[in-house]
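Hey, can you piece these two chains together into the complex? The hints should help.
If you want the building blocks of each chain, they are given just below.
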Amino acid sequence: MTRWGMAIDLDRCTGCEACVVACAAENNIQTVGEEQAREGRAMHWLRIERYYEGEFPNVRTRFMPVLCQQCGAAPCEPVCPVYATYRNPEGLNAMVYSRCIGTRFCANNCPYTVRVFNWFDAEFPAPLDSQLNPDVSVRPGGVMEKCTFCVQRIQAGKDEAAQEERDVADGDIRTACQQSCPTKAIAFGDLEDPDSEVSQWAESPRAFSLLGDLDTRPGVVYLSGSEWREPPE
Amino acid sequence: MSGNDGRRGEPRVTIGRRDFFKVYAAAGVAVLQGCRRRDEEWIESPVRRSTALPGASVWRRSICGQCGAGCEIEVRTVDRLAKKIEGLPEGFVNAGGVCALGHSALQELYHPDRVTEPMRRGPSGELEPVSWEEALEAAATAIMAAPGATTVVSGAPSGPLLGLWRRFAAAVGAQAPVHWQPADLLVEREAARLAFGEATRPAYDLARADYVLSIGAPFLDGWRSAAHFAGAWAELTADRRGKLVQVEARHSLTAANADDWLPVRPGSEGFLARGLAGLLLESGTVGEAERAAYEALYPEAPPDLAATAERCGIDATRIERLAAELSRSRRPMVMVGGSALDGENGVAAGAAGLALNGLLGAVGREGGVFAGVDFGFEDRLAADADAAVPPATLSDRLDGAGESSVLVVSEADPLHAMPELLSAFEGAGIVIALSAFFDDTTLRADLVLPIQTDLERFQAVEPDPVRGIPALLVASPTVAPRGEARHPGDVALALAAAAGSALPWPGFQEAVEAAFSDAFTATRADAESAGALPESLIAGALNARQFVRRTTDAGGLVGTEEMRRAPARPAQVDGEGAASALPDPASLPAPAAPAGVESFTLIPFESLKLGDGRGANRPWLQELPDPLSTVMWGSWAEMATADANRLGIDTGDIVRLTGTAAEIELPAIVLPSVRPGCVGVPLGGGHADFGRYARGRGANVNALMSPDRQVAGAGAFARGGHRVRVERLRRPRRGERPVIYGRGLRQAEEIPVGWAPHDGGKA
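Protein chains in written order, with this note's numbering: chain R, 13 to 245; chain G, 98 to 860.
In isolation and in its complexed conformation, chain G is listed as follows (with noise of 0.2 Å):
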């Protein structure tokens, strides 16, 4: 391919197996490991010193960072512009994979609404433009006039970006950060804690499986990593060797991609999953330790099959066929996630959910459930700086602000996610806002200091553990960064200096190489005095400077096979302790519908096009359709067809949907595969501003949540089981009427048959 130097004709250099070295440290478990060595132009700084001709391309590798998976790409760059991105065909996530979010990371790095240089509100209440050295010093000086109030609010995934974050904020002299990260991340590492013992999200080897119960775990909808599992679920279902059986109230992409789909009532996912396990315990397969593991965590019998149809509300007969396939599988699996954790109850749920692949054999088995480990490369930036703490604590931080408080929020919109901190946020006193674009947080900050997209920085990030094997990437820039924006990472430092507690490094690429050298020097410090220093590390005399520069330009470290392992197994199936049973979300009250009102169960759920609503400024991915409505360019909400006749509603209608505090108005969708009694809203819409192409455009489903509902056990908003009022408004005036691509979802009968034996194509 004409314009591809660098990447064909140019085979990439590899590094050997024997050429890696291993440090074992005295636990037998940090394994640092130099791996690949790739493109040979991605070593030194590529956007100054590339050599390439004017008009060629140079393929860069990188990491998306569009969401916290850590799928790596390539970026074709022609004349230093970024022109396109692939997927990198050994990439240690995606193998090749990218989603059209990932894609549509040219828009938002050349989105022409971009902040690229600081900025300060002035005495008209204007943002106005002052240099950094201005917009730090500013910033530095309200920090330092009160370091105590001050919270950091970061958006970046776990990792060393947070880490950093941490011990900034222990220099400076704030409170431990607020991780603003999504709620169903962090119930699914609380369930995980109580089923397996161990607070990490789970790896699961879907490809492996031969069945796969899905508990809400909207894997092909952009969960995790929807590179990653995409390629695992064409695995799993290659010549229709597999099953997949999606439990979930709405019709996502991945129940629509299912053999069978289970749209069970929302929030009694985890009563199904307790209802599967009376019945797998029946069914004589499941072995006496399994039993009396899941009994120490569960002492209390299971619910029957007629109780769990009941409050599921699906047909019994389909639970009992479930069961009978998952007992006869050679290798059944569980996942949980998505709708099944958002609810209050979600930590229960989880937990139930997670704890059947103990009744089926599949914890650490081929084709079932392994621990999601990581290198810890955030707690080696941290330090002993205090944990991050989760989003709801932010309400209470909120309450407490004064004047004199200082709110610093990183790479996260916390006033688009939950709308009604709105009034809690106008009671801090100064708001210092790092982002690329004005969001509806950034709208209301007093100070903004511009940052860099994922493709102008360098970058450091502990992907999602989906393999179940560590793994620390590190890419450089491939572009230039546009105007005066910065790396994140490299202003939390700059910030900390100028308030008069520098750390020890200069830039976030530094404190990274710092903690890459510390790790090194501390595992072989601790495998010379077990005896353990492999010969290849010895005859090569590897230092920590070498090692530091051979692991930079290998793209990171990655671990290796034999490093995946079994959860832990929680404190009640060892019999230590008086740890106490699971939260039963058997023995959890079904929620209750208000008195005398029609209402619905709100189901918001993340699109793969605008995932959270991050996707919403590309013009790519407003004009996509959606997978399922085929809706453009906005909101809609989706209705059941039995629903819509009774209220009058038909596809294009404007409803009003009502919640406690707040109400919204957009079209209505109406689809067969919509569970009566629900009405489902994409995320996304709504945005204050974020740039021209999501300003005002649809509306934000997030106004109709509370922060007082919150996953109980986890410190999450809850996201799932509000309650809502459906109206109908009115046919859609001009300019109203959803945008549905073509003719939208069609009756298979409609499908164009005639279809004939492929002839070749012959003329």
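Isolated chain R, as found in the complex (with noise of 0.2 Å):
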């Protein structure tokens, strides 16, 4: 059985956002404005990260990104009172956004606060709508959203695969996000297979778990190294 997953490099992360827009634009993520943005509601599904160590002029700048981390042991499924979010067998956390009633349980409950709630009905002024996404459905007011792993590709590639009656092979689906990322920070595929990308990467000293002690079992890996080092004398 597959499992979806992915390594994230953070030292090849520079912080540069594309990232951010390219999943907006991939999955009709709506844009709130400035009155509801300073009321803390935009709607990203991935974010940067980012703290600073050190005091001026010795300051250095760490940047990660966060996304839904797909847990294993997710803690925002179990408090949804309509099953609205829950664990698909290739170890996304889905959602069914027709069921959700916008209780809010699974933001609260989510420890990486990447659940986003649709405060109002999305907007998106004729021609804007011209670029949506036809995969992706636009979500309406009073349901929370959240990273998919863009579940539209996902399905995509498998669909492609069978057509061509072949498995999919790693490196056929690629996330919004993995796409666009300059320095190629981000790596997506199936945790189960030893042989893929993620895996290998996964498998790297350099990787952990965000907040891994408390036990939610991500799918998303994170990669972190040391410090530059003298070059030989």
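Please keep in mind that the hints were generated in silico from the structure rather than gathered at the bench.
Backbone N, C-alpha and C define an ideal beta-carbon position, used for all residues, glycine too.
A portion of the hints provided could be inaccurate.
Ranges of calculated distance between the beta carbons of each label pair, as one might list FRET restraints [as the list claims (entries may be wrong)]: (1) R:Trp131 x G:Arg828: 18 to 28 Å; (2) G:Arg418 x R:Pro87: 43 to 53 Å; (3) R:Arg111 x G:Arg646: 36 to 46 Å; (4) G:Gly745 x R:Glu47: 25 to 35 Å; (5) G:Arg418 x R:Gln212: 32 to 42 Å; (6) R:Trp131 x G:Ser520: 38 to 48 Å; (7) G:Arg827 x R:Gln212: 47 to 57 Å; (8) R:Met13 x G:Gly580: 44 to 54 Å; (9) G:Ala404 x R:Trp131: 58 to 68 Å; (10) R:Ser149 x G:Gly580: 24 to 34 Å; (11) G:Ala619 x R:Pro206: 53 to 63 Å; (12) R:Met13 x G:Arg177: 32 to 42 Å; (13) G:Asp481 x R:Ser149: 57 to 67 Å.
Every beta carbon over 12 Å from chain G, so not counted as near; a handful from chain R, in silico [stated by the list, open to error]: (14) Ala106; (15) Val108; (16) Phe129; (17) Ser149.
As structure tokens, then:
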């Protein structure tokens, strides 16, 4: 059985946020405008956390893309009273938008704060709506949403492989964030396939899980390494 | 991937090297080469002749025009509507990457406030729709009445389109066009001319260097090609192989990703370069030839370490360490750009920085600096028309403008970039704006001609020479144009015809194809006379027409790796003539602060989301948190913690920045990474219009700059080094509080650690 997973090499991430815009374009994520954004209601499914260390002039900044971790033991799932969010057989924390009644319990229980709520119906003033991806539904007001690992791309990849009577090969399916990354800091694939790129990355000694001690068993792996070494004399 | 017809399952057809043809000109420089043949779908007009089923996706190849870099992209279209942009994996510049601004071209295309029909200012003073015929006639009449008083201002990057505007100006009898381009680009070219003998932007082999000193070049912030340099940076730093040191007063995204950041005093970058040269010369690692060449450029002795440290405001030990690391690295390289070039001494600073490459043996070496070469298609289209003049010339032109003068502004917004030009601008007679939006300049136009955005137009682009290999990329439109928008090149040709000075082509595409054909014919003749005509060309009996077809089908002309070369050496180095020494930044006086007033050095900067302001009309970008301050939807002033504490300013407080002629109000963001004495403000705010998402949002930092301050020797307005007074006004009122994403920039101690070894995510 497939277990979809992602690995993000923080040593390659510059914080450029191309992935954030790519995600919005692919997944019909609405912009909420200045007033709502000020209330903390921006809808990004993927955000770049940034941290600084040190004091001027010895300041360093670190960047960390954070998205739904597609947990193997997801705290968001058991609190949904209507089963609108569930774990699918391939390891995705899936959302059934039409079932969601907007209790927001799931967002409250997510330690990664990656779920966002549609406080209002989405607005795409014409002809901005011409850009909407026909493979992804536009979520109505009152519904929770989050990263799906570009499930429409996963489905499309499986359909195409089925048409060609073959298995999905590693690299066939690329998430929007992965595809746009100029530094190729993101790998995506089947964690159950030991030869997949994402599994290889996950085997790295630099690999770790975010908030791993919560035992949420994330499907997202982060990689971070050592400081730069002096060149040989 | 379903719906990806035309991409997956249809491997690209490529033409192997044996099928390439090369025609070497007698000079041995110009090589024309058909290269890759891409999507079959792309070859014919894809917009009107698509055979795709309803609802199915077709991917079109195109070129991103959001900046002048020339990144190649694929556009997913469904039912002839553009849905998504991806980087073309084999893209000449970007190799598959695409930046946030590039993605947002879709929102430029489908912006609800686009100008989609020609408009003319009527008797009521309002702009009213007119037909193209009426608009062109009105424009031509004005130009014909005063051809000598007509000025074209073009924001097109260097290349065929600019060449066409030059040709247009010559044909109608106008003065040479003003090329409205980023100041640091102009300064970089002039610095390269002084240091390398060639006035082109240098190519940097970042990926193969092992130690990169970037003096101000914000190459991860959108400078030149963010996608190209991010990929190269990743190769540089893969497995901690190489090191990046960023010298820049502001903690830019590039500085944030550097292994070492030297926040020098603004304007002292050139001094640092000269000081480093002194340390390198003392180190004993510089060869005699390199030393002699450097001393031919700079006969004066470089400043010593103490003077350098004092002027730059940096600890001497850090400068010493930098010099030591440079001298013992195997493939060190020095880049210059951005803030190092935007002060009045920018040319001197840039040349001093580039000249360090000579001392390090990095010129023309793997992991070093190469010449920025191009095919010269701008000149081919321009024929013998005068070269375009730099932006600062516009001030003089406007000063001399009378009521009969005509200003044709295409794809540029000079009034946003330099608001102080407004009064002079209003003295011009007729203003004709070619624009897709009502921007600060278009609002004051008498005639507005709607133009196509990148994805709607035929494109012929000479990309930024980041690779040191010449190229001319070509792409057909990916979607039909909205409304009555036309290609600016087609408008130029129609205007020339209406003014009775018709040029020999019906449209821009035909002009480019004619240039291809001419290039082919000329180089073939040269090659034949030199006896260097390749067998493949003779056997293929390729003629000019076939060449044009093959070139446009293949997506353009791309040079070979062998064409990468070192820049020529300046005359001083070869001991020729009595060439004068380069301007020595160490001998220039330090900028003085106004007496009696506590003033700050203003650091205006381009963020990678709004660029120089061109991204401000896209909701995706407005709502994108700034990579460092995390601010969305507005402008802000970055201040150092120490300064803010002294002035009693907290994050969110509204402050007033007062320059010589204007003042702006905006919220302060206090950051630990700002150099004390500096205040950073992003470009891109304060548009008078530019659509509903940009209109009146934020403050225009350009208002604090004066057109009187220019970069010496470059004809560019100086963006750096302006002094401003900072006052705290108040706590933010309702609606004034800056929109800070999440909890903003956080201390490393807040990182949610408890990181555990990954367990494969198994439940």
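Non-conforming hints, listed in increasing numerical order: Per hint list: single violation, 3.
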